[in-house]
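J.: Next come the chains, spelled out residue by residue.
Protein chains: 2
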Amino acid sequence: MYNHQPKDEPCSICIFLSGRETEHNKRSDIVFEDKNTIAFISPKWWINNPGHVIVASKKHFENIYDIPDNTLSRVYVIAKKISIALKEAYQCEGTSTRQHNEPAGNQDIWHFHIHVFPRYKNDDLYKRHDQSRFVEAKQRLPYAQKLQKYFLNYQHS
Amino acid sequence: MYNHQPKDEPCSICIFLSGRETEHNKRSDIVFEDKNTIAFISPKWWINNPGHVIVASKKHFENIYDIPDNTLSRVYVIAKKISIALKEAYQCEGTSTRQHNEPAGNQDIWHFHIHVFPRYKNDDLYKRHDQSRFVEAKQRLPYAQKLQKYFLNYQHS
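Going line by line, the protein sequences match chains A and B.
FYI, my numbering numbers position 90 of the first sequence as 90, with every residue one higher than the one before it.
FYI, my numbering numbers position 155 of the second sequence as 155, with every residue one higher than the one before it.
Since the hints were made in silico from the structure, they are not lab data.
Warning: the hint list may mix true and false statements.
For chains that are exact copies, the list does not tell them apart, and a pair is met inside one copy or across any two.
Said to hold, decoys possible - Using 25 angstroms as the maximum straight-line C-alpha spacing, the simulated DSS-like pairs for lysine-lysine come out as follows:
1. Lys-149 - Lys-87
2. Lys-58 - Lys-121
3. Lys-121 - Lys-44
4. Lys-138 - Lys-35
5. Lys-81 - Lys-121
6. Lys-58 - Lys-35
7. Lys-146 - Lys-35
8. Lys-59 - Lys-81
9. Lys-44 - Lys-81
10. Lys-58 - Lys-81
11. Lys-127 - Lys-44
12. Lys-35 - Lys-121
13. Lys-7 - Lys-87
14. Lys-121 - Lys-59
15. Lys-127 - Lys-58
Bound conformation, chain A alone:
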């Protein structure tokens, strides 16, 4: 419903899920994975919120209109898990989530995903919306490692 994915454009999240790495998505970015869901460090960062996390369904749905209720629920339960993990692993002062549908709604990756942000006092996440940029895999790695360590301890607790 209301789909915008160009017919000749492969889905970058599906490519990543198939096991292929790109400069934007490395296996080392993955912080949590289960049967239905994947969570990884976003390749694009906002200026004062480094290391935010993308949570996506493994099955391809373009947007919130299309995703089945049970898949949607599962993705948000993992987003909750990531929010708690960010508080512990990054010691951030808050968290927020957002999700975009269609080009007018800021969507530019055609596979349903949620952004989970670590938040800090006066980070101006919204006002500085234009100040986002892609970061190198080596910049993402220490953030991924903090969350991977958190989930490893969490599993064993």
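Start from chain A and add chain B according to the hints.
T.: Only chain B this time, still in chain A's reference frame:
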């Protein structure tokens, strides 16, 4: 977990749920309601996104860290329903959702809730974050009525 609600501050969403109206929350703002969830026109609007909707759990939980998984899921299933309704009732060009935790995460109402926005090309929802303001009940009413009409037809279809 990580709670910030001042002890002497009553919860404005719980007050509304108890049946009391204020200038910010009227019964006529309600567009959808079931056993666990309520959706109503936000009293605060962003400059190019009039009539956005708040979806909240009826039971009081402060934030994403505290809300149980099944309640969280239910609230997002209703947010999906509202997103589809906005497309039909407002003829908007996209939708987006966001959810805030703790003051550093832009939270200022201490009861878990999701913002569901109608989106339009170049609406600059994020860049113009500071340009929000409370609007009068009479401004909210035509938006509420559009969604109420949608859900009435939806029930009968």
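J.: Decide, hint by hint, whether the structure agrees.
T.: Evaluation of the provided hints:
Taking identical chains as interchangeable, the C-alpha atoms of Lys-149 and Lys-87 lie at most 25 angstroms apart only when both belong to the same chain, with a minimum of 13 angstroms there against 42 angstroms between chains. When the C-alpha separation of Lys-58 and Lys-121 is checked against a cutoff of 25 angstroms, the pair qualifies neither within a copy, at 33 angstroms, nor between copies, at 29 angstroms. When the C-alpha separation of Lys-121 and Lys-44 is checked against a cutoff of 25 angstroms, the pair qualifies both within a copy, at 21 angstroms, and between copies, at 22 angstroms. In this assembly of identical chains, the alpha carbons of Lys-138 and Lys-35 never lie at most 25 angstroms apart, being 27 angstroms within a copy and 48 angstroms across copies at closest.
With identical chains, the CA atoms of Lys-81 and Lys-121 are at most 25 angstroms apart within one copy only, with a shortest distance of 22 angstroms there and 33 angstroms across copies. Taking the closest pair of Cα atoms, Lys-58 and Lys-35 come within 25 angstroms of each other only inside a single copy of the chain (8 angstroms); across copies the shortest separation is 31 angstroms, beyond that limit. In this homomeric assembly, Lys-146 and Lys-35 come within 25 angstroms of each other (Cα to Cα) only inside a single copy, at 22 angstroms, whereas the closest approach across copies is 40 angstroms. Proximity of Lys-59 and Lys-81 under a CA criterion of 25 angstroms is satisfied in both settings, with 20 angstroms inside one chain copy and 20 angstroms between copies.
In this homomeric assembly, Lys-44 and Lys-81 come within 25 angstroms of each other (Cα to Cα) only inside a single copy, at 21 angstroms, whereas the closest approach across copies is 29 angstroms. Proximity of Lys-58 and Lys-81 under a CA criterion of 25 angstroms is satisfied in both settings, with 17 angstroms inside one chain copy and 22 angstroms between copies. Taking the shortest alpha-carbon separations for Lys-127 and Lys-44, both the intra-copy value of 17 angstroms and the inter-copy value of 17 angstroms come in at or below 25 angstroms. With identical chains, the CA atoms of Lys-35 and Lys-121 are never at most 25 angstroms apart, being 35 angstroms at best within one copy and 36 angstroms at best between copies.
Only between protomers do Lys-7 and Lys-87 lie at most 25 angstroms apart by alpha-carbon distance; the minimum there is 23 angstroms, versus 40 angstroms within a single protomer. In this assembly of identical chains, Lys-121 and Lys-59 lie within 25 angstroms of each other by CA distance neither inside one copy nor across copies; the values are 36 angstroms within and 28 angstroms between. Neither within a single protomer nor between protomers do Lys-127 and Lys-58 lie at most 25 angstroms apart by alpha-carbon distance, with minima of 32 angstroms and 31 angstroms respectively.
When held up to the earlier numbered hints, the structure conflicts with 2, 4, 12, 14 and 15 and fits the remainder.
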